[in-house]
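One-letter residues, chain by chain:
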Amino acid sequence: MTDRVFAGLRCRDAADLAAGFVLGALEPAEMDTVRAHLAACPEPHQEFAELGSVVPALLASVPPVEPRAALRDRVLAAAREDTVRVMPLARAASPAIAEPSRIEERTRRWSLERVFGLRQPVWATLGVAAVVAIVVLGASNLQLRSERDQLAAYEHAVALVTNAATDPATQLAVLAAPAIDSPTAGLAAVSTSGGSIQLAVRGLAPTTGSQVYEAWYIPTGGAPLPIDGFRVGSTGTGTISGSWSAPAGTVAGGIVAITLEPAAGATAPTLPILASGTAS
Amino acid sequence: MNELGAAVPGASKPDGDDPDRDLLARVANGELDALEGLYERYRTMAYSIALRITAEQTLAEDVVQEAFLGAWRNAARYVAGRGSVKTWLLSIVHHRAIDAIRRRRPTSELPETDTSSAQPEALTLPDIWAAVAEGLDRVAIADALAAISSVQREAIELAYFGGLTQVEISDRLGLPLGTVKSRMRLGLLALRRVLTGAGVGAEEDEPVTSQ
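Chains as they are written, first to last, in numbering that gives the first Met the number 0: chain A, 0 to 279; chain B, 0 to 210.
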């Protein structure tokens, strides 16, 4: 066990927290710190897998109790409603996103529908009225125009990511939030040769004051490297399109992560990680 | 990125040929009948876990509904190799149930960081682990639990089914935090030894403890 530090936590301290972590019994901030350490640390940290392997048995130890038959209908009705509520709106609003068939074979396995979840599209983060106004009537005031521009930039960034991903020299990272119900999701394409980065994220809270969201690249076994910052407006969408080079030989398997920083120019990420994904 | 799941012997199953994964792939594709299939397979376990944690029928039903809705929305995020679909699904149920009882507790008992109710619905994606004894039935597992030291079992159950943190357990039992931590660790290791057929073993001594 080394004494290296990732996410502000030494390996031996992470190991000490393993039992509490696998049982979900650490304080919330500690849970986040351990998770960030594991994501960044090259050590195998076998103690987590060893202790964690017992947890499914705890789940299986509970004596069986049948639920009422009506629960089945409730569950299925909730899922059906979840689909019906947002699908038509998404289709009407964005044919480009609603038709995965346009996307090259390489990215199809990520299927935009699955990555961005048509059941929870970018439009769902806006008020329905705002969406209808943008799509049907056109934006007539400044705020709506601004939202329309942000959404257009976002759609453009998604297209850039998916185009870039068809290049074999590009690593694609599907960004997801640690929170299962979080609307935050995104895509990033990191070029291994051309030195470019394309990133699109949705479902973020608007930035205020000097706040910026920062995208990080965490090479396997290395410290997080800042990629670029971006601000987010009322649509909750953010994009990066520019030049950036991953350190030589570190791209495959590195992690792209998003954090919220108090100001631009951060050199180390401020936890928690809002969304992350492995570049592959 | 650590491949934690790969470290456990016999944990990873070959791809294909897993009806649960096929179902989940179809759920990710938005197929409602696949969700129904998943519900039929795991409704009893899901509800039992929710009821064990919440001890309340209505809340347990809400938890199961939210958990399956979570699976419906996030099926594409399931990562094979980090545990079975069953563990993934039941971990979501567990997580939801723990969230529900933590929200229900008086504010004074909540961990400090939870008191800002900015995103009360946020649910951490469960960290799932490949099971040490995937094939064992409930009775065998219950026997294994009964075989470990009762104070270790108490610490594990207060955390995993009671939703208490180590600090809260330390307060409640009037024990040093270090004792709670070592009971959890030694209890999990003992349980692992029993489940793998190695017996409870000798590593049960509790250190007189430091923080």
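Derived from the structure by calculation, the hints contain no laboratory data. Note that the coordinates shown come from a computational prediction; the quantities given were computed from them, not determined experimentally. Even glycine gets a Cβ: it sits at the ideal position worked out from N, Cα and C. Wrong hints could be hidden among the right ones.
Label pairs and their calculated CB-CB ranges [what the hints assert, rightly or not]:
hint, chain 1, residue 1, chain 2, residue 2, range
1, A, R11, B, D142, 28 to 36 Å
2, A, A151, B, A139, 52 to 60 Å
3, A, T269, B, L176, 42 to 50 Å
4, B, V78, A, S244, 36 to 44 Å
5, A, A267, B, R103, 51 to 59 Å
6, A, N162, B, A79, 26 to 34 Å
7, B, D17, A, G252, 23 to 31 Å
Which chain B residues stay away from chain A? Per the calculated CB distances, all over 12 Å, these [stated by the list, open to error]:
hint, residue
8, T43
9, Q56
10, V150
11, E156
Outcome of the hint check:
no. : hint                         : in the structure
1   : A:R11 to B:D142: 28 to 36 Å  : holds (35 Å)
2   : A:A151 to B:A139: 52 to 60 Å : holds (59 Å)
3   : A:T269 to B:L176: 42 to 50 Å : violated (27 Å)
4   : B:V78 to A:S244: 36 to 44 Å  : violated (28 Å)
5   : A:A267 to B:R103: 51 to 59 Å : violated (37 Å)
6   : A:N162 to B:A79: 26 to 34 Å  : holds (28 Å)
7   : B:D17 to A:G252: 23 to 31 Å  : holds (25 Å)
8   : T43                          : violated (5 Å)
9   : Q56                          : violated (8 Å)
10  : V150                         : holds (14 Å)
11  : E156                         : violated (8 Å)
The structure fails to meet hints 3, 4, 5, 8, 9 and 11 from the earlier list, while all remaining hints are met.
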